[in-house]
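In the order they appear, the protein sequences are chains A and B.
Note that our numbering has the first sequence beginning at 1, numbered continuously upward.
Note that our numbering has the second sequence beginning at 301, numbered continuously upward.
Rather than coming from a laboratory, the hints here were simulated on the basis of the structure.
Certain hints may be false.
Dumping the calculated EDC-like pairs for lysine to aspartate or glutamate here, alpha-carbon to alpha-carbon at most 16 Å [said to hold, decoys possible]:
1. B/422 x B/513
2. A/24 x B/429
3. A/27 x B/429
4. A/187 x A/130
5. B/540 x B/513
6. A/27 x B/428
7. B/540 x B/530
8. B/422 x B/530
9. A/162 x A/247
The following residues of chain B were derived to be distant from chain A, with all beta-carbon distances above 12 Å [to be verified]:
10. 304
11. 309
12. 319
13. 349
14. 382
15. 384
16. 385
17. 395
18. 468
19. 481
20. 486
21. 524
22. 527
23. 537
24. 609
25. 613
A quick note: this is a predicted structure, and the numbers were derived from the prediction, not measured.
We put the CB at the ideal spot given by N, CA and C, even for glycine.
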Amino acid sequence: MTAAILRRPASDTLLGRALNGLLKSPKATVAAVVLVLLLLAAAVGPWLAPQNPYDLMQISIMDARLPPGSESMDGGIYWLGTDGQGRDMLSAMIYGLRTSLAVGVVSGVIALGIGTALGLMAAYFGGRVDTLIMRLVDLMLGFPTILVALMLLATIGQGIGKVMFALVLVQWALFARAVRGAALVEKGKEYVEAAACLDLSRTRILFGHLLPNCLPPLIVIGTLQVANAISAEATLSFLGIGLPITEPSLGLLIANGYEVLMSGQYWISVYPGILLVLLVFSINIVGDRLREVLNPRLER
Amino acid sequence: MTVFIIRRLSQSLLVLFITSIIVFAGIYAIGNPVDILIAGDASPAEREQAIRALGLDRSLIEQYGTFIWNALHGDLGRSFVFNQPSIDLILNRMPATLELAFVALALSLVLGIPLGLWAGLKPGTAVDETVMTGSILGFSLPNFWQGMMLIMIFSVWLGWLPSTGRGEVGSLFGIRTSLATWSGVMHLILPALNLALFKISLVIRLTRSGVRETMPLDFVKFARAKGLSERRIVSVHVLKNIMIPIVTVVGVEFGSLIAFAIVTETIFAWPGMGKLLIDSIMRLDRPVVVAYLLVVVTLFIVINFVVDILYSLLDPRIRLGSAS
Chain A
1 MTAAILRRPA
11 SDTLLGRALN
21 GLLKSPKATV
31 AAVVLVLLLL
41 AAAVGPWLAP
51 QNPYDLMQIS
61 IMDARLPPGS
71 ESMDGGIYWL
81 GTDGQGRDML
91 SAMIYGLRTS
101 LAVGVVSGVI
111 ALGIGTALGL
121 MAAYFGGRVD
131 TLIMRLVDLM
141 LGFPTILVAL
151 MLLATIGQGI
161 GKVMFALVLV
171 QWALFARAVR
181 GAALVEKGKE
191 YVEAAACLDL
201 SRTRILFGHL
211 LPNCLPPLIV
221 IGTLQVANAI
231 SAEATLSFLG
241 IGLPITEPSL
251 GLLIANGYEV
261 LMSGQYWISV
271 YPGILLVLLV
281 FSINIVGDRL
291 REVLNPRLER
Chain B
301 MTVFIIRRLS
311 QSLLVLFITS
321 IIVFAGIYAI
331 GNPVDILIAG
341 DASPAEREQA
351 IRALGLDRSL
361 IEQYGTFIWN
371 ALHGDLGRSF
381 VFNQPSIDLI
391 LNRMPATLEL
401 AFVALALSLV
411 LGIPLGLWAG
421 LKPGTAVDET
431 VMTGSILGFS
441 LPNFWQGMML
451 IMIFSVWLGW
461 LPSTGRGEVG
471 SLFGIRTSLA
481 TWSGVMHLIL
491 PALNLALFKI
501 SLVIRLTRSG
511 VRETMPLDFV
521 KFARAKGLSE
531 RRIVSVHVLK
541 NIMIPIVTVV
551 GVEFGSLIAF
561 AIVTETIFAW
571 PGMGKLLIDS
581 IMRLDRPVVV
591 AYLLVVVTLF
601 IVINFVVDIL
611 YSLLDPRIRL
621 GSAS
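Input sequences plus hints: build the corresponding full structure.
In structure tokens:
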């Protein structure tokens, strides 16, 4: 009986609040649906794509640069045309979406982990630890993301691991600052004092008590940062210092179409670009709505 | 005030020092300096000689000392490709980049502030929704793709504007600028718009939230009670109050305009230092990359320093807060 009374209604949990807020705004609902569809498409990509664009047996150079709707040598139809090597654009885009999403999400999650740990430590220990970590954060945030990533990759070379390393390096500071701010507020509250009185270990107070209460700003920044990371990776790949040609993301596909854009073969760069915009735009709309709902007093 | 300036100046120098160590570590310790500083087609004898001449056989501390000593004397190495001091190459290209960044900054203020005011004064309406969704779209459009689309629409399809390069440069009030000639202006429109779009979105959001915070304040009510027209209240009293955050943020963002100019310059073949950087990376012309890095970091430190000083002049609370 007591348990039933103490149980909060579903709409009161973090997830419930987020979902409710999303569904109340038609714009955000549409964006969330688009995002889920894109995630699904990426998840089942190899089964969804008409061909494997990186299997040389399946592509034919004779089909290079066909406009959308053309018929292939063996009777199929290239709905979005083909690129310079005769690859089906639709398939290449689905594979590119997988790479872009993987790089964005993985680097975002790692940055979130590192940033959260450092931010919590700064808030909880204070003093010198705090000063040291926050100086580092200020230093990182003093320079634009794209410049730091570009410089790093120009120095250490390109590759999927190095791109992710660069993206983590430029993102962790934002998380650290947000978590520190939230944790400083939470730290003064009575439940933390109560936990300390129970003689719980520091780790447990930090991660078991403080962290869950700092989640709202983290969720919002995390969402927006994944969009930023995808965008940044695409830019770096476009400039030719991001991903190698063997693992093309959407940015690299767009770059491939850049040279032929002037001669009117628009589809090679326009369609991957639309997919990229759709992805980043829908993540940003969802993130923006989450900020309104969870209201973690973010500065922008 | 003097204490504040000295404090900030010493912090700036510290950042520059740390950056120089990072650059040094990146180029000399992580990568192989022989590959980076000596052209790839050198013969083994030439390599030996170059290693000795560059002092690469000495200890890391000694090498760092030499690197700093040369950098302080303006010697950041010679470009392999142009066989000129790399610092000269960069300083030659800098005006084009600064011009692009300034025009983009002006565009973002001229377009962003009115749109932000419009949305902020009518919260919750269709106008507000449209402007705000548009600003999210502005954040979401990848800069390089957006540039390609501008070229495709305005140069390839409509044929209104030139797609690449910088037009004729004329002289205006003693400054060499594209704004002085018709062809220069035409060449400037697309790159500047491309660079500005992201900042326009930022200024819209800043202005809107500023208006939303300022409108319920007492002085606005007082101005209304005094019988001032709504137009005057907004354009004089409200605008003046929201300018402080806009000026500071825009000041800091000027640095990021220079960084993002790398992308815009690459797409529009704008002969600035960002394009030089990408070309140099592609041609493995590493002394130019190193020089670019140090020049841009210095530029950033100067910008941040100036903005901090300006901010403390605009808002005395900051100065008092940090001096105590």
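Mind verifying the non-interface call on residue 304 of chain B? Its CB should be farther than 12 Å from each CB in chain A. holds (17 Å)
No chain A beta carbon within 12 Å of residue 384 of chain B's: holds (20 Å)
Taking 16 Å as the top limit, are the C-alpha atoms of residue 422 of chain B and residue 513 of chain B close enough? holds (13 Å)
Find the nearest Cβ of chain A to the Cβ of residue 537 of chain B and say whether that gap is larger than 12 Å. Nearest chain A Cβ is 24 Å from residue 537 of chain B, so the label holds.
Test the statement that residue 524 of chain B is away from the interface with chain A: the closest C-beta pair must be farther apart than 12 Å. The claim stands: residue 524 of chain B keeps its Cβ more than 12 Å from every Cβ of chain A (closest is about 29 Å).
Beyond 12 Å from every chain A Cβ: check whether that's true for residue 527 of chain B. holds (36 Å)
Beyond 12 Å from every chain A Cβ - status for residue 395 of chain B: holds (20 Å)
Decide, holds or violated, for the assertion that all CB atoms of chain A are farther than 12 Å from the CB of residue 309 of chain B. Per Cβ check, residue 309 of chain B is outside 12 Å of chain A; nearest 15 Å; holds.
Check whether the Cα positions of residue 27 of chain A and residue 428 of chain B lie no farther apart than 16 Å. holds (14 Å)
Check the non-interface label on residue 613 of chain B: least C-beta distance to chain A beyond 12 Å or not. holds (20 Å)
Under the criterion that the straight-line Cα-Cα distance not exceed 16 Å, is the pair residue 540 of chain B, residue 513 of chain B satisfied? holds (13 Å)
Distance rule for residue 385 of chain B, whose beta carbon must clear each one in chain A by more than 12 Å: Residue 385 of chain B is indeed farther than 12 Å from all Cβ atoms of chain A, at 20 Å.
Hint 12 from the list above is the single one not met by this structure.
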